[in-house]
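Protein chains: 2
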Amino acid sequence: MNVDVQSERDTKLVELLLILFDQFREHAFACISAADLSIPHAAALLRLDSPLSQRELADCLKYDASNITSIVDTLARRGLLERQIDPTDRRVRRLIVTAEGRTVIAQLRQRVLEEATVVSELDEHERAQLQALLTKAVGRRTTSTWVELFRGWP
Amino acid sequence: MNVDVQSERDTKLVELLLILFDQFREHAFACISAADLSIPHAAALLRLDSPLSQRELADCLKYDASNITSIVDTLARRGLLERQIDPTDRRVRRLIVTAEGRTVIAQLRQRVLEEATVVSELDEHERAQLQALLTKAVGRRTTSTWVELFRGWP
DNA sequence: TATTGTTATACTCTATAACTATA
DNA sequence: TATAGTTATAGAGTATAACAATA
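These protein sequences, in sequence, are chains A and B. Be aware that the first sequence starts at 1050, since it is given in this note's numbering, and climbs by one per residue. Be aware that the second sequence starts at 1050, since it is given in this note's numbering, and climbs by one per residue.
Hint data in this document are derived by calculation from the structure and do not stem from the laboratory. Fair warning: there could be bad hints in the mix.
No distinction is drawn between identical chains; accordingly, a pair holds when it is met within one copy or between any pair of copies.
[Stated by the list, open to error] 30 Å max Cα-Cα, derived DSSO-like pairs, lysine-lysine:
{"#": "1", "residue 1": "Lys1061", "residue 2": "Lys1185"}
{"#": "2", "residue 1": "Lys1111", "residue 2": "Lys1061"}
{"#": "3", "residue 1": "Lys1185", "residue 2": "Lys1111"}
I would like the entire structure built from these sequences, with the hints used as guidance.
If you want it as structure tokens, here you go:
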């Protein structure tokens, strides 16, 4: 096949992916903002399924540790988590999500991933085909959680 | 088909798209930064294929007009574009990309879109299949240029 | 009066550096 | 001495409001 046609097709593929991603992004932003969270706050909360120290959370999210303080302050003030001083090392704060926090996490997860409609135009067979192709395209690559894609976004 | 299995598969599809997008994002950021541009500067420059006024540029990029001043200042200082006062309305500055600016635009476009390797794991037949499926999934949706997806990113 | 662009200002997100309490 | 967390501060990106020049 002609090289130009090949590269033109690949360009088209990238553009198609970007359109789908753009749609997902708008959907995800709407969900986060409906939960009255910012992106950094949502990213932090969604990481806390299992308790972490502030330092561990910073490392997971690739934030400097100095930023975690105010993010955790806000989430704690909202009653979504609690700081507990680690009895075995009194420097460490373990972050424990409250019952209310767990509800917020569960709702956000469900809405963002399950109510995404990026492939609503496809029937069941086509979705299966698409999934097979994308699985092959992705190979061994992995990503962090969806919300962490959005770091630094408005 | 069981509803849970259906929704689990859709979740998987979203995750696959996000992994591919994440790879593209890293590639695009590397290209922008190799061109010694920030995302807002790249977004502005890439919009100026055909000359616009500052106001028109702000509207295209969905920026408040007050931000355009410093972005255009920087690009002009770099010699990538020129402000020309519109002779028919002396309030308006038309933004004209220089020859050097056109070179930067062309290189950036080519590198970002043509050197993207999001589907390098697929053979020719699979790419064609994928393109057909994505075209159907996208339907009538469109997006702005790729770089505008990245507004507000680091 | 309305519009283009500029300036001043403020807010969010993020990083660096200096500090404290604890180890 | 080294580490967890906090505070102060700075810089980038973006928005709002007031202003000057022009229409």
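Structure-based check of all given hints:
{"no.": "1", "hint": "Lys1061 - Lys1185", "verdict": "both (19 Å within a copy, 13 Å between copies)"}
{"no.": "2", "hint": "Lys1111 - Lys1061", "verdict": "between (32 Å within a copy, 25 Å between copies)"}
{"no.": "3", "hint": "Lys1185 - Lys1111", "verdict": "within (28 Å within a copy, 37 Å between copies)"}
Of the numbered hints given earlier, the model fails none.
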